[in-house]
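Next come the chains, spelled out residue by residue.
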Amino acid sequence: MAMTKDEVFVKVKEVLTTALAVDDDEVTPDAHLTTDLGAESIDFLDIIFQLEKSFGIKIPKNELMPDTNSPDLVQNGKLTPKGVAELKTRMPFLDLTGIEADPDVTKIKDAFTVDSLVNYVMTKLSA
Amino acid sequence: MRWIWIDKFEHFEVNVAARAIKNVSLAEEHLHDHIPGFPVMPASLMIEGMAQTAGILVGAARNFQEKVILAKIGRASFARLVRPGDQIVYAARIVNVSEQGAAIEGAITVRSSTAGAREELPVGSIDMMFSHIDNNLAGAKFPEFNFVFNSEFMNLFETYRRDLNVQLPAASAADDK
Numbered sequence: 001m002a003m004t005k006d007e008v009f010v011k012v013k014e015v016l017t018t019a020l021a022v023d024d025d026e027v028t029p030d031a032h033l034t035t036d037l038g039a040e041s042i043d044f045l046d047i048i049f050q051l052e053k054s055f056g057i058k059i060p061k062n063e064l065m066p067d068t069n070s071p072d073l074v075q076n077g078k079l080t081p082k083g084v085a086e087l088k089t090r091m092p093f094l095d096l097t098g099i100e101a102d103p104d105v106t107k108i109k110d111a112f113t114v115d116s117l118v119n120y121v122m123t124k125l126s127a
Numbered sequence: 001m002r003w004i005w006i007d008k009f010e011h012f013e014v015n016v017a018a019r020a021i022k023n024v025s026l027a028e029e030h031l032h033d034h035i036p037g038f039p040v041m042p043a044s045l046m047i048e049g050m051a052q053t054a055g056i057l058v059g060a061a062r063n064f065q066e067k068v069i070l071a072k073i074g075r076a077s078f079a080r081l082v083r084p085g086d087q088i089v090y091a092a093r094i095v096n097v098s099e100q101g102a103a104i105e106g107a108i109t110v111r112s113s114t115a116g117a118r119e120e121l122p123v124g125s126i127d128m129m130f131s132h133i134d135n136n137l138a139g140a141k142f143p144e145f146n147f148v149f150n151s152e153f154m155n156l157f158e159t160y161r162r163d164l165n166v167q168l169p170a171a172s173a174a175d176d177k
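The listed protein sequences derive, respectively, from chains A and B.
The opening position of the first sequence corresponds to residue 1 in the numbering used here, with each subsequent residue numbered one higher.
The opening position of the second sequence corresponds to residue 1 in the numbering used here, with each subsequent residue numbered one higher.
These aren't lab readings, by the way, just hints derived from the structure by calculation.
You may find that some hints are simply not true.
Below are the DSSO-like pairs computed for lysine-lysine, each with C-alpha atoms no more than 27 Å apart in a straight line [claimed, not checked]: (1) A:LYS109 to B:LYS8; (2) A:LYS107 to B:LYS141; (3) A:LYS109 to A:LYS78; (4) A:LYS61 to B:LYS141; (5) A:LYS13 to A:LYS78.
For each label pair, taking beta carbons as the anchor points, the in silico distance ranges come out as [to be verified]: (6) B:GLN167 to A:LYS58: 41 to 47 Å; (7) B:ALA117 to A:THR123: 57 to 63 Å; (8) B:PRO36 to A:ILE57: 29 to 35 Å; (9) B:ALA117 to A:LYS53: 24 to 30 Å; (10) A:GLN75 to B:HIS11: 43 to 49 Å; (11) A:ASN69 to B:PRO36: 49 to 55 Å; (12) B:ALA117 to A:ASP6: 54 to 60 Å; (13) A:LYS61 to B:HIS11: 25 to 31 Å; (14) A:LYS78 to B:GLU152: 33 to 39 Å; (15) B:SER77 to A:LEU125: 32 to 38 Å.
Interface residues of chain B toward chain A, partial, derived using beta-carbon atoms under 10 Å [stated by the list, open to error]: (16) ASP7; (17) GLU10; (18) SER98; (19) GLY101; (20) ASN136.
The beta-carbon is built from N, C-alpha and C at its ideal position, and this holds for glycine as well.
Please put together the full structure from these sequences, using the hints given.
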């Protein structure tokens, strides 16, 4: 039986409290992983590994983040218009207004909220 | 003194697990400086010993082509002191390895003898993560030269693996060109 969004949220919350050493009540749907929960780039890999294990899904390289070695998508540390467009298509639940204003690749992770991760997992589970 | 915190590997299975040992000697300065008058092995240096054991294991999974950097210690707990004359055993197991990095579970035990009877007792456990920094998620650029697994390290690895048959993965097709 398919998991409900609430069930996914509970498991995502478990992953985030372990990976980021934050309290349960800090992990609200609209909390940002970096600015609110203190996630750094290596934490994203930790979260990816733990989500894969927890939900039995596979998260391929460059699915959450664009390939920084692809000159088509990233140039001089900034997303190209094509890179932004691709990210929008792949992750429609991310609020990318900040990225459109300043397409610095290191800022992409700031767009992730707990809810966007839940939505991402939901799409993976229904795929 | 050199920044070498393991003495040899006892077991090395590429992509799976490795076990290294370190003999603790009263001749080592850090034993005296940590708690004066009560020489014990500092836990921070046992984390380093595990990082060296696990870092080499993670490096071997990609034939030492990646620059492997300790990026996160998710959890570290210690329950027993390690004293001069003890032998530390670092057992590292790969939980996950991808193009971006690897997650490791480590267990530390100590072999010591009391009144002639030898025993191996649990010391602690550590979860750590390594980044393959050229493929990291921050998108930062690093020098081409592999400053982690340089020739000095490879010579050391030859010493480490002397008693073991370690089958490294074949170099990738890109490296053959």
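So, going through the hints one by one against the coordinates:
1. A:LYS109 to B:LYS8: Violated. A:LYS109 to B:LYS8 sits at ~40 Å, over the 27 Å cutoff.
2. A:LYS107 to B:LYS141: The hint holds at about 16 Å.
3. A:LYS109 to A:LYS78: holds (13 Å)
4. A:LYS61 to B:LYS141: Given pair A:LYS61, B:LYS141 holds - Cα atoms ~18 Å apart, limit 27 Å.
5. A:LYS13 to A:LYS78: Violated, at about 31 Å.
6. B:GLN167 to A:LYS58: 41 to 47 Å: Taking Cβ atoms as reference, B:GLN167 and A:LYS58 lie about 27 Å apart, which means the hint is violated.
7. B:ALA117 to A:THR123: 57 to 63 Å: With Cβ atoms ~59 Å apart, the hint holds.
8. B:PRO36 to A:ILE57: 29 to 35 Å: Given about 52 Å between the Cβ atoms, the range is violated.
9. B:ALA117 to A:LYS53: 24 to 30 Å: violated (40 Å)
10. A:GLN75 to B:HIS11: 43 to 49 Å: Roughly 46 Å apart at Cβ, these two residues keep to the hinted range, so it holds.
11. A:ASN69 to B:PRO36: 49 to 55 Å: holds (51 Å)
12. B:ALA117 to A:ASP6: 54 to 60 Å: holds (55 Å)
13. A:LYS61 to B:HIS11: 25 to 31 Å: At 30 Å between Cβs, range holds.
14. A:LYS78 to B:GLU152: 33 to 39 Å: holds (37 Å)
15. B:SER77 to A:LEU125: 32 to 38 Å: Given range 32 to 38 Å: holds, Cβ gap about 33 Å.
16. ASP7: violated (29 Å)
17. GLU10: violated (27 Å)
18. SER98: Given a least distance of 7 Å, the restraint on B:SER98 holds.
19. GLY101: Holds: closest Cβ of chain A sits about 5 Å from B:GLY101, inside 10 Å.
20. ASN136: holds (6 Å)
The structure is inconsistent with the numbered hints 1, 5, 6, 8, 9, 16 and 17, although it conforms to all the rest.
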